[in-house]
Amino acid sequence: ILNVEQSPQSLHVQEGDSTNFTCSFPSSNFYALHWYRWETAKSPEALFVMTLNGDEKKKGRISATLNTKEGYSYLYIKGSQPEDSATYLCAFWNTGNQFYFGTGTSLTVIP
Amino acid sequence: DTGVSQDPRHKITKRGQNVTFRCDPISEHNRLYWYRQTLGQGPEFLTYFQNEAQLEKSRLLSDRFSAERPKGSFSTLEIQRTEQGDSAMYLCASSLGWSGKQFFGPGTRLTVL
Chain A
1 ILNVEQSPQS
11 LHVQEGDSTN
21 FTCSFPSSNF
31 YALHWYRWET
41 AKSPEALFVM
51 TLNGDEKKKG
61 RISATLNTKE
71 GYSYLYIKGS
81 QPEDSATYLC
91 AFWNTGNQFY
101 FGTGTSLTVI
111 P
Chain B
1 DTGVSQDPRH
11 KITKRGQNVT
21 FRCDPISEHN
31 RLYWYRQTLG
41 QGPEFLTYFQ
51 NEAQLEKSRL
61 LSDRFSAERP
71 KGSFSTLEIQ
81 RTEQGDSAMY
91 LCASSLGWSG
101 KQFFGPGTRL
111 TVL
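Protein sequences appear in the order of chains A and B. Using our numbering, read the first sequence as starting at 1 and increasing by one per residue. Using our numbering, read the second sequence as starting at 1 and increasing by one per residue.
By construction, these hints were calculated from the structure, which means they are not laboratory data. Among these hints, one or two may not hold up.
[What the hints assert, rightly or not] Pairs of lysine-lysine residues, derived as DSS-like cross-links and limited to a Cα-Cα distance of at most 27 Å, are as follows:
hint: 1; chain 1: A; residue 1: K59; chain 2: B; residue 2: K101
hint: 2; chain 1: B; residue 1: K101; chain 2: A; residue 2: K69
hint: 3; chain 1: B; residue 1: K101; chain 2: A; residue 2: K78
hint: 4; chain 1: B; residue 1: K101; chain 2: A; residue 2: K42
hint: 5; chain 1: A; residue 1: K58; chain 2: B; residue 2: K101
hint: 6; chain 1: A; residue 1: K42; chain 2: A; residue 2: K78
hint: 7; chain 1: B; residue 1: K101; chain 2: A; residue 2: K57
[Claimed, not checked] If you want the footprint, here are the derived chain A segments under chain B, 3+ residues with CB under 8 Å:
hint: 8; segment: 41-47
hint: 9; segment: 91-100
Quick caveat: nothing in here was measured; it's all calculated off a predicted structure. Idealized CB from N, CA, C, for every residue including glycine.
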């Protein structure tokens with residue numbers, strides 16, 4: 001079982017604050033990293049697919065960076081809104097046909 | 001709506017009974033995944049298919065679990081002799097190609113009494 005860790009486990013921020021969380025994964029045999037947003041009572045929704053070291057992706061107020069050499073990815077949310085409240089999952093793929101989801105970061109944005 | 005559907009959405013069963021869930025992926029997606037999610041955890045991989053071939057099955061999956069994708073389209077997940085520990089959300093996802101973005105269905109919530 002691969003060690004994919006996300007931190008923090010949960011986070012409460014005020015509306016308008018910017019925030020970020022981390023996904024750590026094995027730095028060897030990297031193939032791809034995904035970020036998903038999972039809102040309560042809905043299905044996980046893909047945010048980003050990242051494959052190259054140094055990749056930066058952006059979707060509205062949400063962006064992500066990737067460092068495959070040191071084995072981490074950051075997800076940033078600028079100016080958090082209540083509708084950003086969700087669990088954010090990362091999933092790591094390696095070249096050995098293995099993939100694992102992290103346990104997620106639960107974000108609550110307080111109006 | 002992601003285009004992936006699952007049926008039923010909820011299932012309550014008694015311990016020892018067999019249950020079967022169905023997943024209909026996005027039609028052009030060749031990969032189909034099954035996950036189990038329990039409270040406070042991320043999706044736990046169970047198995048996946050490329051077309052009709054089951055390529056990998058989690059070591060955590062007991063022999064009571066079996067999955068099929070007979071024509072490379074929809075898939076079924078069967079749990080035999082259910083136990084209370086099987087209570088969870090069962091998620092299905094599909095993708096186009098290896099490591100492609102996964103599109104998840106709404107899940108089937110299983111409660112074993």
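To see whether the hints hold, each was checked on the structure:
For the suggested pair K59(A) and K101(B), the alpha carbons sit about 15 Å apart, so the restraint of at most 27 Å is met. The hinted pair formed by K101(B) and K69(A) meets the criterion: a straight-line CA distance of about 22 Å does not exceed 27 Å. A hinted pair counts as satisfied when its Cα atoms are at most 27 Å apart, and K101(B) with K78(A) qualifies at roughly 24 Å. Taking the CA atoms of K101(B) and K42(A), the gap is near 17 Å; set against the 27 Å cutoff, the hint holds.
Of the pairs offered as hints, the one joining K58(A) and K101(B) holds, with about 16 Å between alpha carbons and a cut-off of 27 Å not exceeded. Our distance criterion of 27 Å between C-alpha atoms is met by K42(A) and K78(A), whose separation comes to about 23 Å. A threshold of 27 Å between alpha carbons decides the hint, and for K101(B) with K57(A) the separation of about 14 Å falls inside it, so the pair holds. Beta-carbon proximity to chain B at under 8 Å applies to 5 residues in the segment 41-47 of chain A; the threshold of 3 is reached and the given coverage holds.
As drawn, the segment 91-100 of chain A meets chain B at 5 residues by the rule of a beta-carbon pair under 8 Å; at three or more, the given contact holds.
When the structure is compared with the earlier hints, no violation turns up for any of them.
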